[in-house]
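Engineer: Model the full structure from these sequences, guided by the hints.
Chains as they are written, first to last, in the working numbering: chain A, 1 to 340; chain B, 1001 to 1408; chain C, 2001 to 2449; chain D, 3001 to 3251.
Read the hints as simulated data drawn from the structure, not as lab findings.
All C-beta atoms in this analysis are idealised placements derived from N, C-alpha and C, irrespective of residue type, glycine included.
Please note that a few of the clues may not be correct.
As the list claims (entries may be wrong) - Lysine-lysine pairs mimicking DSSO-like chemistry, simulated, CA-CA at most 27 angstroms apart:
1) B:1006 to D:3123
2) D:3154 to A:128
3) D:3197 to D:3106
Stated by the list, open to error - A partial selection of chain B residues facing chain A, derived with a Cβ cut-off under 8 angstroms:
4) 1112
5) 1115
6) 1116
7) 1120
8) 1128
9) 1142
10) 1143
11) 1188
12) 1287
13) 1291
14) 1354
15) 1355
16) 1358
17) 1359
Stated by the list, open to error - Which bits of chain B does chain C cover? Going by a derived footprint, with three or more residues having C-beta under 8 angstroms, they are:
18) 1041-1049
19) 1158-1166
20) 1275-1286
21) 1310-1321
22) 1342-1353
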Amino acid sequence: MDAILLQILNGLDKGSAYALIALGLTLIFGTLGVVNFAHGALFMLGAFCAVTLQRLLSLSYETIDETKTDFLGNPLKVKTPYVEGWFGPEVGGAIIDWAVPLSVIIAIPIMVGIGYAMERGLIKHFYKRPHADQILVTFGLAIVLQEIVKYFFGANPIQTPPPDALLGVVNIGAAFGLEIAYPIWRMVYFLFSVAIIGGVFSFLQFTTFGMVVRAGMADRETVGLLGIDIDKRFTTMFGLAAAVAGLAGVMYGPINPPNYHMGMDFLVLSFVVVVVGGMGSLPGAVLAGFMLGILESFASTTWATTTIPGINQIIIYLVAIIVLLTRPRGLMGRKGVMED
Amino acid sequence: MLGLNKKDMTLLIVVAILTLLAPFILNPFPVDSGMAQFNAGYPDLMQRFVIFGILAIGFNILFGLTGYLSFGHAAFLGVGSYAAVWMFKLLSYNVVPAILFSVILAGLFSVLIGYVSLRRSGIYFSILTLAFAQMSFALAYSVLSNPKFNLTNGETGLQVYADDPQILHRDGLPDVPHLFGWAMRDNFLELKLGGWEFTFNNGYYLCAAILLVVFYLSIRLFRSPFGLMLRAVKSNQQRLNYTGLNPKPYTLAAFIISGMYAGLAGGLLASMDPLAGAERMQWTASGEIVLMTILGGAGTLIGPVLGAGFIKYFENIFSKINDNVLHQWFSFMPDGMEDFLVFIVHPFVGKGWHLTLGILFMLVVTFLPGGLVEGGQRLGRLVRSRGKKPEDPKDPEHHPKETPHVAE
Amino acid sequence: MSKFNVTRRGAIKTTAAAGAGLALPTIFTSSAYAITNNPTGGSVTLGFNVPQTGPYADEGADELRAYELAVEHLNGGGDGGMLNTFSSKVLDGTGIMGKKVEYVTGDTQTKSDAARASAKSMIEKDGAIMITGGSSSGVAIAVQGLCQEAGVIFMAGLTHSNDTTGKDRKANGFRHFFNGYMSGAALAPVLKNLYGDDRKAYHLTADYTWGWTQQESIAAATEALGWETVNNVLTPLASTDFSSYIAPVLNSGADVLVLNHYGGNMVNSLTNAVQFGLREKQVNGKNFEIVVPLFSRLMARGAGENIKGIVGSTNWHWSLQDDGSKAFVKSFGEKYGFPPSQAAHTCYVQTLLYADAVTRAGSFAPCDVAAALEGFEFDGMGNGKTLYRAEDHQCFKDVLVVKGKENPQSEFDLLEVVEVTPAAQVTYPPNHPMFGGDEASLGQCNNGA
Amino acid sequence: MGILEVKGVNKRFGGLQALGDVNLSVAENTVHAIIGPNGAGKSTLLNCLVGKLIPDTGSVMFDGQSVLGRTPYEINQMGISRVFQTPEIFGDLTVFENMVIPAFAKRDGSFRMHAFESVASEKDIVAHAEEMLTEVNMQDKIHMHAASLSRGDKRRLEMAMCLLQEPRLLLLDEPTAGMARADTNNTIDLLKEIKEKRDITIAIIEHDMHVVFSLADRITVLAQGTPLVEDSPEKIRGNPKVREAYLGEAA
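Structural biologist: As structure tokens, then:
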């Protein structure tokens, strides 16, 4: 029982990353009709916002400690971060410690800016082009973005730890007499994702802006005829989608250390998620994200892998094939979307 | 001649001349000149140009004609390679059964995958093929390489071991892939002319001969009623349906043909170098095929071959330019200038070749949607509009055709 | 523009150039694959085949630094590094047998296909007479096979799988790096000392050849101590999140987790295991422990704090205090500003060993070089007395058991050496069942033509 | 007994009764128009005839054979061709290629793997296509890309593609929708000419009364998914029920 609940939690946690990326992909696809292969790269850029902030906060001045030596036998240069110099080790240390949550604040404007620049600078020239061209150009962009990150940060993963206060595990089953020890940060990530998903949905549901966008997703031409400048709002949607992917990335860092190719690792999976959910369906993307996360978790259990060897390797793709063959438009897809 | 019209015949002849003289054309620089870095006329790369050309020609039959974007074509390449190596292991190092079996097995796989995937179109089709290919990769990389049932030899790649049966192997035959005793990796001629060196490799000429055959077949197919129907599928499936034609068997046939081309390429790859690695089935490998085709010009006859050559050239030549080489290039400059130029160029070559490739893709897709072929056409038009008499196009890349795929 | 691409074809070039191009063409027909392994010009070209793109690019970059340093030292530049401490004294800083050492580089992309293509290009186009490098076993075995066919020497870089010098051993291939069996043999006694002989181990294993051989080795070595292997779960290579593999460990009754992962997999699985609080747990009345059999300092950096106190094994570490290691760390550190990794070390040593073998053999012919390396005993290269065993071309030397340092002094100071396991303890017979048994054979050495 | 017999066809979409008990008989060699206000179910009926939709109940017989459950291409092979409201042609292909495709479909059926002979070598097909293009006065546009044709020419091309197959029944879905007066008249003339030259049955769905009354031999008026009345044009013109339901609003 405990084990099953634990795997469900793991699934939800994995699923929340899938769902956030897929949500952004679907927003872009639903509003702009663009297949964005650079979306994984946005997730990666988000994670590297946190890395960058952490590096900036840790910028240090060097003092020479004559009593110690470095690996070459020279006097050791001791590094002290400027923030610790300015605010004292207590406050300064705390600021560095909270680098990841702090990055959320700087990541939002940065990611919206990147999204805006991408849409205005590149994507908008591709609205009328075939999907294959969109895939190719965004794929090229993804390569360029990840190579730039690699140039500056290297290929190895970079540790972005959570704040000390959020380290460790909490027994969330204690109230029910169950033993379900779960890492605090993973709980934070899940709740954060739910909040973001909720935020996006209520934004689309309750604001005029959201209504126009939803109408535009349903029928772009009609909304255009009403004299609403739908394109401008769609650009903003691109910024929003980029921010969602970026935030998913920022907060993901402490779960698994970011590296330059983490975007590509998630890209294929998120496309599968979007398609299983149904192209252009926001609830579908979220549902499929969580569903595939949970399925993947259960396929990883010893029970599953001994029953069907290698099932953990192929489960996602197997599910995608079955769903697409039995439900042609995915779980919640609309008719006529992306079928030509 | 050969059932081709004059224009196509010219194209075929040009391609034939280019492939047969490739050892000369690809080695334009003397070996000890600074530019020798850019020579591509060594057997391995020449073989790769041709083999990936075949792969791209096949992919183009599916994608260029019908518009169905398969993201799993590398799976057939992998299946073909495994099939060929298994033939080496079981029968002998003769490449004929290996290549035949790789084409047949890839054909069977494509019947299966195509039948299922073609029940959907658009991006759903792409994702289905991607899913199949990723499954094949995962199976080949780990599941099917377990010690109890080792079909693929996993990470290391399938290769021939001394204790393999090789029931048709006889003494006197080379212990490497061969065509009735003619070893693939041997060079039948090495020519040294002044500062130049040219290598004529057995394997390359086998691949080149096969390329010419399949290129010829693809021209015939492009000009045939079948090819026309495939283009009609891409253009308007609704109209095709209401014209009394069933798009399904046409697309399935195109899928199978292109799968068999990929299998052939896989078989040839294994025949040139008898090792089949699972990585050639990964989705990024499929992506590379797509990139080749679109970069060269999807739907055109020669485009995919150019695209394949372009990418392989990048992968093999650009990735080998290291800082040491850069310093030597710029060594004639004053020191500060030299360091500055090396600093500027450094991120784009050697380990940065992915970056350059990514930038190039974006530029080509943005400004030349028809790929390199369109670039050639524009160049041709530019030359003509300047009032010069248009030259008879020698190079198919600069072939000034109005539309790339008009069957006349 | 200077001449940088001089290869062993040099002689022909110079004569032909003298004939000013008008000379009659020289035509060679040959059934040979590789060009004669006898560089006749003033220089000799080595091929450095390392991952420059993909997840192991940083490791590849470090290998390349080591190679550049080795070439510099061989050509008499710099401070000479390990040339001064190496027990064999035939290398005198004039290149190899008086020929200047040049090199070409290639990108393996950590794919066996790409690695072979790049090695072939270095052999066919640039006339490299020795190929070295790599950061994974699949690539090493694939390239080793190629070099065997092409008739050039392959000096493996970082490859830890038993198979490289086990069932896939080749007469033209040589490995300095240690292997899975040695990790197990070195770790087991230390684990017994630290954690006792009554332990239940749970293995998470990367689902491909290297993972399996390492798991097999570690399980065998620890079971011999009395440990019990509770479970072995295979994880897909493409996994990025290991939470669903870690969670069942908690309820399995195991008190040790062995992570048979490398690279990104290792960083993530270790991070996840620590996240789930495994290290704070008490099971069967004992502290729960995590073991990472193959450590790499470069990767350990990615795991950050999580590495502290975790035990593993490594081929070499910069903090070693023997003369060879100190000389190498000094020249590497002064040139690049940070200490070398174990991958850099093994690559540097391999290059020197090759140059030394050529010089002692007095020939570039691979079979002569191989003969000079076989059974060669040397010292002063950082791992104490080392033997290049003739039967399987594996180096036998001391293995380091290391532990993540609790109070690192600098960003490089991540591991501390717990024990130096003597070579004798990690030696195994060449026909050991994990190494292909009696059937494994080097085959015939191939001289090319 | 007409060539097309529709009996008791019902079609519901959720709560909406799109077609309610439709009976229709199209006599051979006539022009039969189906008219009705927007939402009367004209398009739904048409889609049921060509296999795009399957009625919930009822039967659709063409020349004594049921078309229900058959795919559009099978129905086409039976001898029914359809012209769409917005011309559906192969935009990426040339006019000539557009014409050749139906010719192959007519000769070779729904699939044939003729991958090695060239299109140009199929002399009879080429001749057939060129002949038809001449009949519709498009021989000078033979090498143009279909997508670059004017709307009127696209319509003519589509019509020619259908006629080339010598269908026994030609279905026209608002062939003059969105056309200028002059173009409409041209289309009427073209259709008249077509009708004169061959034995063909035409069923036409149309909004434009001018077109209907110029061409039709018989007219069926649909309202709210049910046929209101079926009669000759003269009678329809004077029918008060029709005036009330349809013409009254239109006038």
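Engineer: Look at each hint and say if it fits the structure.
Structural biologist: Results for each hint:
1. Under the criterion of a C-alpha separation no larger than 27 angstroms, the hint pairing residue 1006 of chain B with residue 3123 of chain D is consistent with the structure, at around 18 angstroms.
2. Of the pairs offered as hints, the one joining residue 3154 of chain D and residue 128 of chain A holds, with about 22 angstroms between alpha carbons and a cut-off of 27 angstroms not exceeded.
3. Of the supplied pair hints, the one linking residue 3197 of chain D and residue 3106 of chain D holds, its CA atoms being roughly 20 angstroms apart against a limit of 27 angstroms.
4. A distance limit of 8 angstroms between C-beta atoms decides the matter here; for residue 1112 of chain B the minimum to chain A is near 12 angstroms, and the interface restraint is violated.
5. Against a cut-off of 8 angstroms between C-beta atoms, the interface hint on residue 1115 of chain B is violated, since the closest Cβ of chain A lies about 11 angstroms away.
6. Taking 8 angstroms as the C-beta contact cut-off toward chain A, the hint placing residue 1116 of chain B at the interface holds, the least distance being around 7 angstroms.
7. For residue 1120 of chain B, the suggested interface contact is upheld, since its CB lies about 6 angstroms from the closest CB of chain A, less than 8 angstroms.
8. Annotation: residue 1128 of chain B was flagged as interfacial toward chain A, and the flag holds, the nearest CB pair being 6 angstroms apart, inside 8 angstroms.
9. Below 8 angstroms, beta-carbon pairs count as interface contacts, and residue 1142 of chain B has one with chain A at about 6 angstroms; its hint therefore holds.
10. With a cut of 8 angstroms, the hint placing residue 1143 of chain B at the interface with chain A holds, because the nearest CB-to-CB distance is about 3 angstroms.
11. The beta carbon of residue 1188 of chain B is not positioned within 8 angstroms of any beta carbon in chain A (closest approach about 40 angstroms), and the interface hint is therefore violated.
12. Because the closest C-beta pair between residue 1287 of chain B and chain A is about 7 angstroms apart, less than 8 angstroms, the hint holds.
13. With 8 angstroms as the threshold, the beta carbon of residue 1291 of chain B comes within range of chain A, its nearest partner Cβ sitting at about 7 angstroms, so the hint holds.
14. Of the supplied interface hints, the one on residue 1354 of chain B holds, with its beta-carbon coming within about 5 angstroms of a beta-carbon of chain A, less than 8 angstroms.
15. Interface restraint check: residue 1355 of chain B against chain A, minimum CB-CB distance 4 angstroms, threshold 8 angstroms, status holds.
16. Evaluation of the residue 1358 of chain B hint against chain A yields a held restraint, the C-beta minimum of about 3 angstroms falling below 8 angstroms.
17. Given hint, residue 1359 of chain B at the interface with chain A, holds; its Cβ is 6 angstroms from that chain's nearest Cβ, closer than 8 angstroms.
18. With 5 residues bearing a CB less than 8 angstroms from a CB of chain C, the region 1041-1049 of chain B meets the requirement of three and the coverage assertion stands.
19. For the region 1158-1166 of chain B, the stated coverage by chain C is satisfied: 3 residues place a CB nearer than 8 angstroms to a CB of that chain, which reaches the threshold of 3.
20. By the rule of at least three residues with a Cβ nearer than 8 angstroms to a Cβ of chain C, the coverage given for the region 1275-1286 of chain B holds, with 4 such residues.
21. As drawn, the region 1310-1321 of chain B meets chain C at 4 residues by the rule of a beta-carbon pair under 8 angstroms; at three or more, the given contact holds.
22. Check result for the region 1342-1353 of chain B against chain C: holds, 3 residues qualifying (beta carbon to beta carbon below 8 angstroms, three or more required).
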